[in-house]
Amino acid sequence: MTETVVLDTSVIIDGIFGRLLEGGEVKDVDVCVPYAVLDELQAQASRNVDVGFIGLDNLKKIRLLCESRGYRLFFYGPKPSFDDIRLAKKGRIDGMIRDVARELNGTLYTADYVLYLTAEAEGVKARHLRPEIKVTGLKFESYFDPDTLSVHLKEGVVPYAKKGRPGEFKLTQIGENPLTREELLEMEKEIHEASRVSKNAFLEMKMSGASVIQLGSYRIAVARPPFSDGLEITIVRPIVKLSLEDYHLSARLMDRLTNKAEGIIIAGPPGSGKSTLAASIADYYMRQGKIVKTLESPRDLQVSPAVTQYGPLEGEFEKTSEILLLVRPDYTIYDEVRKTSDFSIFSDMRLAGVGMVGVVHASGPVDAVQRFMGRVELGMIPHIIDTVIFVRAGRIESVLDLSLVVRTPTGMMEEDLARPLVEVRDFETNRLMYEIYTFGEENIIVPISAAEKEPKKATGIEKMAIEKISQVVTRYDPDAEVELLSGDKALVRVDKGAIPRIIGRGGETISRIEETLGIRIEVKPRQGDGSDVKRGRRRRR
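Heads up, the sequence shown is in my numbering, so the first residue is 1 and it goes up one at a time.
These aren't lab readings, by the way, just hints derived from the structure by calculation.
Just to be clear, a hint being listed does not mean it is correct.
To be verified - Here are the simulated DSSO-like cross-link-like pairs (lysine-lysine), alpha carbons at most 30 Å apart as the crow flies:
(1) Lys90 - Lys139
(2) Lys206 - Lys163
(3) Lys89 - Lys319
(4) Lys162 - Lys241
(5) Lys139 - Lys125
(6) Lys89 - Lys60
(7) Lys79 - Lys139
(8) Lys163 - Lys139
(9) Lys241 - Lys139
(10) Lys468 - Lys496
(11) Lys139 - Lys170
(12) Lys125 - Lys154
(13) Lys260 - Lys290
(14) Lys199 - Lys89
(15) Lys162 - Lys290
(16) Lys199 - Lys241
(17) Lys290 - Lys60
To be verified - Restraint ranges, calculated between C-beta atoms of paired labels, are given here:
(18) Arg419 - Lys463: 51 to 61 Å
(19) Asn105 - Glu316: 43 to 53 Å
(20) Ser449 - Glu508: 39 to 49 Å
(21) Gly123 - Ser341: 43 to 53 Å
(22) Lys339 - Arg419: 23 to 33 Å
(23) Lys125 - Leu326: 22 to 32 Å
(24) Ala306 - Ser449: 43 to 53 Å
(25) Glu3 - Ser228: 36 to 46 Å
(26) Thr438 - Asp488: 24 to 34 Å
(27) Asn430 - Asp145: 39 to 49 Å
(28) Gly518 - Gly353: 54 to 64 Å
Small disclaimer: the values here were computed from a predicted structure and weren't measured.
All C-beta atoms, glycine included, are put in the ideal place defined by N, C-alpha and C.
Sequences are here, hints too, so could you generate the full structure?
Structure, rendered in structure tokens:
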């Protein structure tokens, strides 16, 4: 007697029923595919959801197998409405599938344990098929060797891989023949099946035409038309795991990371080893007895199991940060800080007192700081970031220290131009590298060269001006020192006792000298002859 078998979406997508037919484990059957199943797969494929394409491809294989064995395959049941498909995750489609099985007095084949239990509770004959899915030895793994960072697979193109070590990778052809769409679909199917059953797998992102899966240590990005011009699979994995000690940091930097640094930015170009260093710092803090969490999407940092890795909660890191503040971590690793919302979350958590380590893409050390400008008030930046570590080719190339001071920017002479500015110094040498301050309505980063910090040599015209001023002021103090501050201002340092004479009663003498020479003069006591801050200036009339 021929048995009627009713299929649900799970046994089609997972390929279980196709394997049973192919292996001869199912014989003399009429195969019913409810229209609810067909339309749901079509709706998923229309939205560029990967499982929709996989399901339709598997259904085509089932039809061919049935034809070759002389089994009848037919479609039956009501067509689902838009609301039915929209509520598929709530069980609406499953209910329609059970109704078809009851009406035909058939046996429902499903890999969904909940659907199996529900069917039995209703008195519908059902068979639960456990998926036999590989989670290791997947086809794409054959492209990897110990030196492979990433594999790039695209339909119609020979496979390529990046091989080498951080910062020194080379794109290498690893196959002779272009990949077909069918080969890529088979790999994609394996990946999706493994991601559904593996404990170490996460579907990090799912959009129309693209999905990102973290499968163990592999980060897998799948792109489909119309988002891409062809089916493409990119698989990336870390090839290096280091401890912080492997970086041979100076004692000064180790002390900074251990005792003082709580707003750390790890910057560098893509593939330079930023995440590897971030994972090393996370494990180091864990060994120091700190509570460490991570914010990642995808969750691909190679950290100790004691470090909990968080993704976006309901698609938003803002909600994750709210939970994190309740968890009270000592340090949080944010991989990576890219969008404006990421910078806002990083800043909020740092100002809340959580130690933060952020990973930022940047072509240079100070570029990482510049990415905070415009998103955070200038004066708040040193309170959020105190240390910038720039990584290139897997090595720490430079470390910057940030601090907030109030003074006149380098190169400006007028003391009334003093303002709050951020000093960016080389951490190891304490050499001033950049100044960040507001100029007009813009926040600017000014590089400070060694030449700007050294006294400028006077030009011929400036020497003549200094000589002319000296001829006048040496009448009051033979040892007077003259420094030209700008084209219309000079600084004169004289003996403390000579200041009243050079100023004159009511500032008359200094005014007369200024009118004669055509230049403004500021008078100060010589260094070592009174306070360096004390001034003798003419009174304003």
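Hint by hint, here is what the structure shows:
The hinted pair formed by Lys90 and Lys139 fails the criterion: a straight-line CA distance of about 34 Å is larger than 30 Å. At most 30 Å may separate the alpha-carbon atoms for a hinted pair to count; Lys206 and Lys163 meet this at roughly 28 Å. About 24 Å separates the Cα atoms of Lys89 and Lys319, which keeps this hinted pair within 30 Å; it holds. Restraint check: the Cα-Cα separation between Lys162 and Lys241 comes to about 18 Å, which is no more than 30 Å; the hinted pair holds.
Under the criterion of a C-alpha separation no larger than 30 Å, the hint pairing Lys139 with Lys125 is inconsistent with the structure, at around 37 Å. Only pairs whose Cα atoms come within 30 Å are accepted, and Lys89 paired with Lys60 is accepted, the gap being roughly 24 Å. Between the alpha carbons of Lys79 and Lys139 the distance comes to roughly 37 Å, so the proposed pair goes past 30 Å and is violated. Annotation: proposed proximity of Lys163 to Lys139 holds, straight-line Cα distance about 19 Å (limit 30 Å).
Straight-line distance between C-alpha atoms of Lys241 and Lys139 comes to about 25 Å, which keeps the hinted pair within the 30 Å bound. A threshold of 30 Å between alpha carbons decides the hint, and for Lys468 with Lys496 the separation of about 22 Å falls inside it, so the pair holds. With a CA separation close to 23 Å, the supplied pair Lys139 and Lys170 stays within the 30 Å bound. For the hint pairing Lys125 with Lys154, the CA-to-CA distance comes to about 44 Å; that exceeds 30 Å, so the pair is violated.
Proximity of Lys260 to Lys290 is assessed by CA-CA distance (about 14 Å); at most 30 Å being required, the pair is judged to hold. Between Lys199 and Lys89 the alpha-carbon distance is near 22 Å, which keeps this suggested pair within the 30 Å criterion. Of the supplied pair hints, the one linking Lys162 and Lys290 is violated, its CA atoms being roughly 36 Å apart against a limit of 30 Å. With a C-alpha separation of about 22 Å, the suggested pair Lys199 and Lys241 falls inside the 30 Å cut-off, and the hint holds.
In summary, the hint linking Lys290 to Lys60 is not supported, as the alpha carbons are separated by about 55 Å, beyond the 30 Å threshold. Range check, Arg419 to Lys463: about 32 Å between beta-carbon atoms, so the 51 to 61 Å window is missed. With their beta carbons about 48 Å apart, Asn105 and Glu316 fall inside the hinted range of 43 to 53 Å. Range check, Ser449 to Glu508: Cβ separation about 43 Å, and the 39 to 49 Å hint holds.
A C-beta distance of roughly 51 Å is found between Gly123 and Ser341, which places it inside the suggested range of 43 to 53 Å. A beta carbon spacing of about 30 Å between Lys339 and Arg419 agrees with the range 23 to 33 Å that was offered as a hint. With their beta carbons about 48 Å apart, Lys125 and Leu326 fall outside the hinted range of 22 to 32 Å. The hinted window of 43 to 53 Å between Ala306 and Ser449 holds, with their beta carbons roughly 46 Å apart.
At roughly 43 Å, the beta-carbon separation of Glu3 and Ser228 lies within the given 36 to 46 Å, and the hint holds. Take Thr438 and Asp488: their Cβ atoms lie about 25 Å apart, and the range 24 to 34 Å holds. Checked against the hint of 39 to 49 Å, the C-beta distance between Asn430 and Asp145 comes to roughly 45 Å, which is consistent with it. For Gly518 and Gly353, the Cβ-Cβ distance of about 58 Å falls inside the hinted range of 54 to 64 Å, so the restraint holds.
Hint violations for this structure: numbers 1, 5, 7, 12, 15, 17, 18 and 23, all remaining hints satisfied.
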